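Peer 1: Spelled out from the first residue to the last, the chains are:
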Amino acid sequence: MFRKGRIALACLAVAMTAIWSWAATTWQLQTKLNSSGGTLQVRNSAPQTSVGSTVYANLTTSANVNVTVAAKTGYVISAVTKSGVAQAVPANATSLPVSFAKTGGTLQSLVASFAARQVAVGTSVNGAGSVTPLTGSVNYGSNLTLTATPSASNGFVSSVTVTGASYTTSPLPSAGPVTIALTNVTANATVAVGFGAASANAGADKVAATHDPVQLTGSGSGGTLGWTQVSGPAATLSSSTAATPFFTPATAGLYVFQLSVSNGGKVLATSTAQITVVDSAINYLRSSCNGCHSPQGASPSNSFRTWSTSRHKVNNVGCLTCHSNGPMPPTQTTADINVVCAGCHTVVTNHSAATTGPKLCSDCHDAHNPETVTAQLSQSAHPAVTLYTFEEIGMQMAGGAKVPVQVDASGKGMPYSPKQTCGTAGCHVKNGIDYTYDKISDHAFHSNQGRSEYVDSASGKFDATKNKPWTQSTAMVGKW
Amino acid sequence: MNQTPGSSSVSALNYMNNLSNFVAGSNNTVTPGTASNSGSQFTMVDLSIWDLSTTCGSCHPGGGFVEKDRNGKRLSMMNPALDGYTPYTMTVFDKYDQSTGLPQHQLIGSPWSYPLYMNGSPVIVPQNPPNSGNGGWGQAMTITMPDGSQMPVQNEQVMMPNVKEMDCLMCHMSGYSNLMSSVMAYSGAHNATPSFGAGFMNMFSQAYDFTTGMLTKDANGIVSLSPAFFANMKAAPPTQNCRNCHMPSGLKDLPDMMRDFLSSAPMAYTGSFTQSFTGLAMPAFDFNAPFGASWDWTTGGYATSPTLYMTQTGLGSTPASNPVIPAGWPAAMGMSEYNQAAAMSTPGFLGGGNPAGSGPIYYQATLPNSGGMQDQNALKKGVVPFPRAEWFKRGDLWAEGYDVHLNLECAGCHMSTNTTKVDVFAAPTDANNPNTVFDGKSLCDPGKGYDSSAGVEGNVAKRASVNSQNTVKKCDNCHVTGKNSDGVAIDTFGAPNPAVAHEAAGLLKNVTQALKTTTGSDEVPFVGNHLDVLDCTVCHLARQQMVVRELDSTSGNRYPNMLGYAAERGMLGMFSDPMPGMIPANTNLAKWEPLYTWQKSGNYWKTKDNGSVNADWRRKVYAVNIITAAIWNNVDPTVDANGDGVTGAEPMHHAGDYPGALTANYDPWIARDLKAGMNFGPSGFAPIPVGFGGGAFQSAYDQTGAFTGAWQYVGVYGGNVVFSTPEEISGYKAYRNGIKGMVDNKSWTGTQLAFIGGPYKLTHGVRPTSTFVLGKSCTDCHSASPKASLFAGDFDMLGTAIKTTAGAQFMQSPAEQLTVVGAKDDIETGAELSSKAGGALEIRFDELGTWDAATKTFTPNSSGTFKRVKPLDRSTALYPIDDGTVVFKDVTGRSYANRAAWINYLTDGAAVSNAANSLSP
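For the protein sequence lines, the chains are A and B, in the order given.
FYI, my numbering numbers position 264 of the first sequence as 264, with every residue one higher than the one before it.
FYI, my numbering numbers position 133 of the second sequence as 133, with every residue one higher than the one before it.
Derived from the structure by calculation, the hints contain no laboratory data.
Quick caveat, the model's predicted, so the values are computed rather than measured.
Beta carbons: idealized from backbone N, C-alpha and C, even for Gly.
You may find that some hints are simply not true.
Stated by the list, open to error - Only some residues are given here: those of chain B computed to face chain A with a beta carbon under 10 Å:
(1) 67
(2) 76
(3) 217
Bound conformation, chain A alone:
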């Protein structure tokens, strides 16, 4: 009894208050949140957060009453109805002020609705492959999973680049499919997926001699390299995963090695290299090349014959060093022969632009035995040289002029002078320096015997106060 009476008193109190308020206003504002995801705030009152219930505000003021509609994070304002009239809501608006005035009537209302904010995820593909879903949108802050799948048999996902969101992916490169998990997407994001094609190159086939280390020259992309021996005598590679492992063949034979590029246990690409190991590289070339390229062969040539007497042979520069590998190695064209020669002979002395001009190496040198000079330049190019005798003879008998060697019927004559014959100015010019006789005689250590490295005196004259200084030098003579 007592409890009922107290509740009744409370209800009466509320009603009395409303009656008293109503009695004091002239207009009323009713506000309601039609959906979750935001708040309403009438002037400075406490924000209205409750969904579905109408809040009444009895007002007497003639001033404008501002109501602020605000979306929570991850939401946008989807609709606002003012006194039954829908208001224009900018796209993705998260805050919207609505103003009411007493002049609007005694009963005015505001209903606000909210919707979850959407963020777009776009994708781009570079290479052969696809990504699903290709495009889409997700609620703000939610996750999205995409799948990248190469389309080629040797294809692999080479790269994934995401902007605007955090993501995780399986290790790359990967043969796929690759899952790209975007998490907590809070902004428009782009996903760029690159697809590559795996490759394996086991390197050129080689000819090698037994007991010499043979280096395989493999290369590959798109996965892990792996060498396996396909056939041939047993060989142990220094590494099965390095690109350029080596082995030392003990016996002759055809060694075949396969280079695989694998990804995730899937072999994407393979390549093989054949190493022909012979006891004698020369004999091999003789049988392999000279069969056709001998003077009597199908493609007659003296190449092997001239090569076999060359330093190329001695230094194991064989046919395949210059001619590309294949069943029918092509002849080097004149256009690229200098390039081939320069592969080893990077610098060649005693040649200059002035002497060689646009000539090719093979213009003067036999291509297979370059020591054979075909041009015979020296004989034809050098001017005739007269022998001259010593300069003192010229001073005494010819007023200083050079005196040529002249013989009688029996061949008797004065000895020739190297200085007068070979050391004349203007004859031996190299790099702009005129190597006259004295330039060499005075200093080349084979000849000068210490003449120029020490001086006896300031004038260079013999100084008797010094102990055998004429024997001093840094190199050739003298005991000090």
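Start from chain A and add chain B according to the hints.
Peer 2: Chain B in isolation, oriented as in the chain A frame:
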């Protein structure tokens, strides 16, 4: 072994007084008596330029110092009356008493010019205007030659210059004959050496030879070079031209000695100065004579060799045999003491007709009416035929089958280097004043490389001027970097990169205690790989060749003691195929192992030439041959043995890491004085010392040529006596003191027989790795029985010699390991090496003991009064002398108690491998 520097400063020496004596015309012959010759005119002009020209000129191309003085004045334009009596203008003419061998030297003018005659008449060109020099330079006088012959000079007679100009063709002409130019150089015909060496002049006709096709002449007799000659001209010197002087060559047979083994000609003294300025001429030779059978082995044995003669169609011989050896030389040439009858009776006589067992070279100079007494003056002045220099100098090899780089030719590494260390000319087109800025090499210099004995080692003062280090291609230049030491790209000839093979062999694992520099001056230890401590040569060289180990310079000439040949076959063991059937061909070469020791200065200076720190600097172990010089060295501080102003001093050994400057101030007796004390005799290969005095050691040979047994050993090269016992050594010193008044009045009491070993870097002889290479496994070196004696073992320092069993003949006697024992104060030894820290490491290789003179037996005894020369302990060449303070630690930090324990560790393959494997990869 060094001596205290003492007063060795060259600039402190003063010879003015001596010069005054000289110019004043003091007695210019040595007079037997008591007067000292110290500081005499002889020492003043000793090593005169004329000496350089004649003795060094057989290999050196000429020019430079043998052509002109430092003012550029040609020696041929000098006149002693105007230019003074100097080493440029004068020389000492060595002369000995024919019977006693005692000195009678005299001073003579150097014949840099001589009066010109034409058709027997003097060529006179009056000077116009007078005294202008434009005309004959002759001044009336009579030149008296050492043999008494006179050479009159008339006023205004044209003087023929006789200087040795630089001979371009010695290097650049394929087919140049060094032997012919050598003959001319020794003869003193310097102006003719280029003509004879090139083959322009014929030795027989002494005239230009137009049959070779190299020369042409026009209607006026003007001589020109033909196109065929230019076909023989090479910009890069052909290897054979380098080999003419440098490369060693195994002796195949007797003809090969003249054809390919000698770098200078044998010369005999004839005393005839109308033939040559030195009285020297090429001796007679007969390759058919030594064994009583022809060199071609197609004829039967005989007592007298075939006589060779010239016919209109070529050479003939009686009895018939092949008169020409393969190289084109006549098999015999010249008149010997034995073939004079044949010479007189055979028209066109050329040579031969000598008794079996004589020759092949004839130095015999029997004095008339002296009962077979040999002319000591002639023998002592004869020229010992000099083998190619590298055999003597380094024991290095560059021959077919011995080096994988052979086909690159010498020029491949020594000329085609693109080095920037070349001379610079401020006025490059000015022929007379080019203002040369000298650098490491001139246009014509081959790259010289680096060697502690090359004279270019570590001379900081000369680094920016004449430093020729790094002017030769090094291994890594072609095989690794493709650039020379200046960083300039080079022709690598496609050299294979060894990295793979090195890695495969485990040589790149960091397991060694290496040194580098971080500041350009410090030396910082670090854990490096094997290539940080081993020079390429250590693993890639193999030696199976005849090599000189000791150079005996105790008699005035130089005679080698060898290793690497079939010593049991004696002298014949030197030849690979002396005669078909005589010994199995190509079985005479024996393996020998280099010594492995530390580079003194490292692989280059610690800074690069541009001043930056040389991060590649390392001090590595390298392979060397040691050549031990046996010299008589005076240590008496009151005696100046060689008259150079520096007296003797007690030797001083540096036990290791000596920081001071090295001072190699020996006081050795010079050749002229040494010859005064020895009796000389002829051998078939050289004039040789056979003994001394008239007593027990007068001669190792009797009149028949058989050994007397008086001496213990003679040399394999020619039969020269070798000092090897206390009796021989002490006896000789006593003898020298006995004759000092007749020589130079200098005491020999303080003279020691010194054995000084010097290292010579080995660079050639790199084998194909398919045939030889070390380091494929740890146990190649780290083993008790290694493939190379890197860490331990004996290194012989003396070589071999013929044991002189009384009654035996030299040619039939085997050689054996030479041993030398002397009174302890009469013997001194020292190997001049370097420690790992770069300090001087001078190691004795001898031991004290007792000596039984009757049995010639030495017994080691630390308190003995005799000393034996023993092999060098290889471990001493690598690691510090174990004096109790040295701590031996391996790369893991483990210590070893002493040197023996340390060497035991290093030669224990398992222990070394375990230590290496314990390190991080």
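Peer 1: Compare the structure with each hint and give your call.
Peer 2: Verification of the supplied hints:
Hint on residue 67/B holds. Least Cβ distance to chain A is approximately 7 Å, under the 10 Å limit. Hint status for residue 76/B: holds, given a least beta-carbon distance of 6 Å to chain A, under 10 Å. The beta carbon of residue 217/B comes within 6 Å of a beta carbon in chain A, closer than 10 Å, and the hint placing it at the interface holds.
The structure shown violates none of the earlier numbered hints.
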